[in-house]
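Asks: Here is what each chain is made of, one letter per residue.
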Amino acid sequence: MSGKPVLHYANTRGRMESVRWLLAAAGVEFEEKFLEKKEDLQKLKSDGSLLFQQVPMVEIDGMKLVQTRAILNYIAGKYNLYGKDLKERALIDMYVEGMADLYDIIMNHDFKPANEKEKDLANIMDKATNRYLPVFEKVLKDHGHDFLVGNKLSKADVSLLENILWLEELKPDALAKFPLLQSFKARMSNMPNIKKFLQPGSAKKPLIQEKDIPNVMAIFH
Amino acid sequence: MAGKPKLHYTRGRGKMESIRWLLAAAGVEFEEEFIEKKEDLEKLRNDGSLLFQQVPMVEIDGMKMVQTRAILCYIAGKYNLYGKDLKERAWIDMYVEGTTDLMGMIMALPFQAADVKEKNIALITERATTRYFPVYEKALKDHGQDYLVGNKLSWADIHLLEAILMTEELKSDILSAFPLLQVSDHLISAWNVTHTFHCPALKAR
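Those protein sequences? They're chains A and B, same order as listed.
Following UniProt numbering, the numbering of the first sequence begins with 1 at its first residue and continues without gaps.
Following UniProt numbering, the numbering of the second sequence begins with 1 at its first residue and continues without gaps.
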């Protein structure tokens, strides 16, 4: 049996955070190798470790997986977080892809110039409260179950929780109009693996600080 | 048994084209309802047919599926174009994400100003020949088989073929340094000639 998965990325949320969340929710311990400077990324490229010269990269089960979605799909499949059949998977995929669109704008918010931040935040909140959150509130309302798909934890639930928490960091009352999402958040946060991940000292990364942005950008550009 | 899948999108390629390709490669006949004006899109939204108010949307097996990747994953899974196990699926996912990134750059071109477009075409050509195509050429070289994963046609091959044809439209000799991709191109085209023959949407490119 191979050792723990090894995650290769900068010491920040970015595109790796969803992977950290999913592994944590699955109860899988992992190691991280942080890129601190451009040379670290260069070394991975020269080693031939990065299929498309990009991170995230996760060493797992003898593979060097790249491409966030491929990594998440593999973890979800391996740890039974991907539904029981094709149709459940279709629902999970639809929900996750919708949330990925929201996640992209949330993730990029920290990197916006100061004079654009307010407008950007308004756009994020508009999309969240009018396009995305109502969908998931309705899903939970319609079937009355604790989880989004198949009455069982899946990567859709993990993705939803991750997005909700980040939205609340940007605007604490983001869930004001969504009572079922509020109870979803409370329930999910209390699940042992997730509770552990939400505690200080876990692999969960904080919001990026202004002062760290130049360093992170320098690695990739 | 459900009827044919029904695709809702504009007449253009956009995000629906990969879906048309995959259905055609799987030998699945489908119908299309084209969005011709804003009111058509509004109607779909008001009907509650679009989960996130967006197209592509595909009616298939009693579902109204949205989100391109979700739709493609479902079709691939249903028609055995997604590998035989988790590891093969991981490889297919990786390869498809690469071609998605490449095709995404090309799809954005029509909406760009002339000077930006020219710069991006150069970038696309560079990425295609230094980041993406070498990966697929090497994959075919290393295992010496006809298909990218598991010695069997998969979504990865169809997606690569689409990406190759799209890039060739930008630069016709883009495969000059990739002999194995050239062979793959012809092989799959030949394999699919019966399918594409029955698919007017692809014929009328």
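By construction, these hints were calculated from the structure, which means they are not laboratory data.
Since the model is a prediction, treat every value here as computed from it, not as a measurement.
Just so it is clear, CB atoms sit at the ideal spot from N, CA and C, and this is done for glycine as well.
Misleading hints may appear alongside valid ones.
[Unchecked claim] Listed next, the in silico BS3-like pairs over lysine-lysine satisfying Cα-Cα at most 30 angstroms (straight line):
1. Lys141(A) / Lys87(B)
2. Lys141(A) / Lys43(B)
3. Lys37(A) / Lys119(B)
4. Lys112(A) / Lys84(A)
5. Lys127(A) / Lys64(B)
6. Lys127(A) / Lys152(B)
7. Lys119(A) / Lys84(B)
8. Lys43(B) / Lys64(A)
9. Lys87(B) / Lys205(A)
10. Lys119(B) / Lys112(A)
11. Lys117(B) / Lys87(A)
12. Lys4(B) / Lys33(A)
13. Lys4(B) / Lys64(A)
14. Lys152(A) / Lys119(A)
15. Lys119(B) / Lys78(A)
16. Lys112(A) / Lys141(A)
17. Lys138(B) / Lys15(B)
18. Lys64(A) / Lys38(B)
19. Lys64(A) / Lys141(A)
20. Lys38(A) / Lys138(B)
21. Lys138(B) / Lys152(A)
22. Lys4(B) / Lys15(B)
23. Lys211(A) / Lys177(A)
24. Lys117(B) / Lys38(A)
[Said to hold, decoys possible] In silico negatives: residues of chain A with every beta carbon more than 10 angstroms from chain B:
25. Val6
26. Glu59
27. Met63
28. Gly77
29. Lys78
30. Leu86
31. Lys87
32. Ala90
33. Asp93
34. Glu97
35. Gly98
36. Phe111
37. Lys112
38. Gln209
Asks: Kindly indicate which numbered hints from before are broken by the structure, ordering the numbers from low to high.
Replies: 1, 4, 6, 7, 8, 11, 12, 13, 14, 15, 16, 18, 19, 21, 23, 27, 28, 29, 30, 31, 32, 33, 34 and 35
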